[in-house]
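**Student:** This is what each chain is made of:
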Amino acid sequence: ETGVTQSPTHLIKTRGQQVTLRCSSQSGHNTVSWYQQALGQGPQFIFQYYREEENGRGNFPPRFSGLQFPNYSSELNVNALELDDSALYLCASSLMGQGHYEQYFGPGTRLTVT
Amino acid sequence: AQKVTQAQTEISVVEKEDVTLDCVYETRDTTYYLFWYKQPPSGELVFLIRRNSFDEQNEISGRYSWNFQKSTSSFNFTITASQVVDSAVYFCALKGSNYKLTFGKGTLLTVNP
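Protein chains in written order, with the working numbering: chain S, 1 to 114; chain Y, 1001 to 1113.
In case anyone wonders, no lab produced these hints; they're calculated from the structure. Since the structure is predicted, the reported quantities are computational estimates derived from the model, not experimental observations. Glycine included, C-beta positions come from ideal geometry on N, C-alpha and C. Only true hints are included.
The calculated SDA-like cross-link candidates involving lysine to any residue, where the alpha carbons are at most 20 Å apart (straight line), are:
hint, chain 1, residue 1, chain 2, residue 2
1, Y, Lys1003, S, Glu102
2, S, Lys13, S, Arg110
3, Y, Lys1038, S, Leu88
4, Y, Lys1003, S, Phe60
5, Y, Lys1003, S, Ala38
6, Y, Lys1003, S, Gly40
7, Y, Lys1105, S, Asp84
8, Y, Lys1105, S, Ala87
9, Y, Lys1105, S, Gln41
10, Y, Lys1038, S, Pro107
11, Y, Lys1105, S, Ser86
12, Y, Lys1105, S, Tyr104
Covered stretches of chain S, as calculated for chain Y (at least 3 residues, CB under 8 Å):
hint, region
13, 33 to 45
14, 52 to 64
15, 107 to 114
Isolated chain S, as found in the complex (with noise of 0.2 Å):
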């Protein structure tokens, strides 16, 4: 296990609500990326967090939003849900800085917009 969580498990919504998905990084990392995995795909970067702040942002649109906490958990919300949000996101926390590459990931939360 690499030590980072992810609530909840399973989630079901409606298209047009908001989600609110959250992730705890792994002790001693400081850097916590999220990642939309549509069934039969390659995981797609959303965003980064660093230091509390987005650090880089991939093609996904401003209705995907994210916060860092001061303990270097995150939180990732999505408003306006759409039928294509229906996917698995993973958390993958790092420690940024010389050397440290890795990203060590959570076992995802799979929402699913009806």
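Since chain S is already given, all that's left is putting chain Y on it; use the hints.
**Tutor:** Structure of chain Y alone, referenced to chain S:
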């Protein structure tokens, strides 16, 4: 732009066979990092190995080995004497000068008893 291609969508082998998973990447960065991750049915991505672009030494770790060839932009992964527990989706990933991992679409490996 970065791109990772895993041409093999699915591979099926019988236990104890050797299997090689192919990965080809594209990047304009001169320094980059390559990774292999394993995703069992539970969904959690498990980190297997990282290779730096300036280190082409290949490695063997138990039943796993990796072949990094910068000249052909390939980073292949071999499992020797496969076991049923190796059944999973395997992802190759690339990190360049920016902050994100770029993943391939994955290869589903099924090891039959």
